[in-house]
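With the hints as extra help, turn the sequences into a complete structure.
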Amino acid sequence: MSIRKDKTSGIWQVDFRAPGGERVRCSAETIDRRAAQEYHDKLKASLWRQDKLGEAPDREFEEAAVRFLRECAGQRDYATKLRHVAFWREKFAGRPVRSLTSDDIVDALPTHRIHQKKAPTPLTGATLNRYIATIRRMLNLCVEWGWMDKAPNLPAYQEPDVRVRWEPPEVITELIRAMTMPWMQDAALVAVTTGMRESELFGLPPSHVDLPQRNAWITHALAKSGRARSVPLNDDAYAVLERRLRTADRWVFTRDGGDGILIQEHDKRILKRACDAVGIEDFHWHDFRHTWASWHVQRGTPLMVLKELGGWEKIEMVQKYAHLAPSHVAAHANTVNFWSRSEPETQTPPARVALSA
5 MSIRKDKTSG
15 IWQVDFRAPG
25 GERVRCSAET
35 IDRRAAQEYH
45 DKLKASLWRQ
55 DKLGEAPDRE
65 FEEAAVRFLR
75 ECAGQRDYAT
85 KLRHVAFWRE
95 KFAGRPVRSL
105 TSDDIVDALP
115 THRIHQKKAP
125 TPLTGATLNR
135 YIATIRRMLN
145 LCVEWGWMDK
155 APNLPAYQEP
165 DVRVRWEPPE
175 VITELIRAMT
185 MPWMQDAALV
195 AVTTGMRESE
205 LFGLPPSHVD
215 LPQRNAWITH
225 ALAKSGRARS
235 VPLNDDAYAV
245 LERRLRTADR
255 WVFTRDGGDG
265 ILIQEHDKRI
275 LKRACDAVGI
285 EDFHWHDFRH
295 TWASWHVQRG
305 TPLMVLKELG
315 GWEKIEMVQK
325 YAHLAPSHVA
335 AHANTVNFWS
345 RSEPETQTPP
355 ARVALSA
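Quick note, the sequence shown lines up with residues 5 to 361 if you use the numbering used here.
Keep in mind that a hint or two might mislead.
To be verified - Using 30 Å as the maximum straight-line C-alpha spacing, the simulated DSSO-like pairs for lysine-lysine come out as follows: (1) K46 - K122; (2) K9 - K46; (3) K311 - K228; (4) K95 - K122.
Unchecked claim - FRET-style restraints, in silico, Cβ to Cβ: (5) I265 - W221: 34 to 40 Å; (6) R169 - A39: 55 to 61 Å; (7) R259 - S103: 50 to 56 Å; (8) A281 - V110: 22 to 28 Å.
Hints listed in this document are in silico derivations from the structure and should not be mistaken for laboratory results.
In this text, a Cβ means the ideal position worked out from N, Cα and C, and glycines have one as well.
As structure tokens, this is what we get:
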């Protein structure tokens with residue numbers, strides 16, 4: 005028989021000859037005879053199509069996931085890809101990748117974020133796009149590997165406008181002074197004067213600060229873009245780093261009275277209280293970087309220079325600050341002057357004609 009039942013486990017086994025003559029023996033992994041027979045028939049038909057019609061063998065989602073993650077190893081967002089792949093695997097385990105359609109993927113998308121102590125919140129378009137980006141990349145690679153003929157077309161969800169939140173120097177000065185912990189004051193001051201990201205700032209070791217050259221550097225492992233860069237220090241940043249380096253051990257920034265362990269993130273409570281004291285709303289730690297970039301553009305720093313200073317990967321990432329730059333077309337405004345060049349007696353604007361009621 006082509007299928008037989010294992011007497012010990014009760015699981016059905018498949019046993020038949022493929023068109024090429026080789027023997028196929030495997031478990032149907034079910035105790036249901038009808039399901040085992042269906043598995044046998046599909047497997048036999050698939051092998052026949054491969055042999056007679058030259059079709060590539062079906063590859064299951066798990067195979068694609070393993071190879072995809074292997075190729076992504078070492079990437080900075082690997083943890084995110086791993087989380088996304090684990091989610092998709094729950095939805096498509098055992099499915100041939102060539103069988104996945106756009107509707108399958110869209111219908112399987114998560115809808116809410118689950119919290120421990122509050123109600124679920126709907127996922128934003130940006131979050132949905134990240135899940136789609138992961139499986140889109142995996143399926144596109146499957147096409148390159150010859151595992152499927154064409155990847156399904158997947159939608160892009162609308163994301164909110166790019167957020168650029170900044171404050172003028174006098175407000176930032178008040179905000180930093182309102183912080184109740186000196187280490188937070190120091191970190192905020194260096195953040196807003198160098199544009200360093202939070203992870204770059206708190207992961208900065210003393211060996212990566214060169215005071216004589218007034219420079220710090222971010223390694224490729226610490227940089228979000230994966231590209232190492234130099235961070236020039238102005239007088240404000242230099243003064244803070246010079247003082248902290250006198251007692252620094254493994255990290256330049258540590259909590260006051262702490263044991264020198266790596267700071268994972270700033271103290272949100274201190275920042276919130278300082279914002280309340282100053283009277284500003286919707287200001288987050290990353291907005292120190294937005295503020296730094298905005299000040300640069302307002303004072304004439306070219307966008308290409310800002311891109312290198314901030315470690316952005318693409319010029320499009322700094323275009324969001326372009327509207328803050330002094331206008332390069334202002335000098336051409338007088339090209340169309342006509343009223344001021346006319347005779348003095350004709351410079352009085354024409355009287356308005358009163359309309360009768």
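Violations among the numbered hints: 1, 5 and 8
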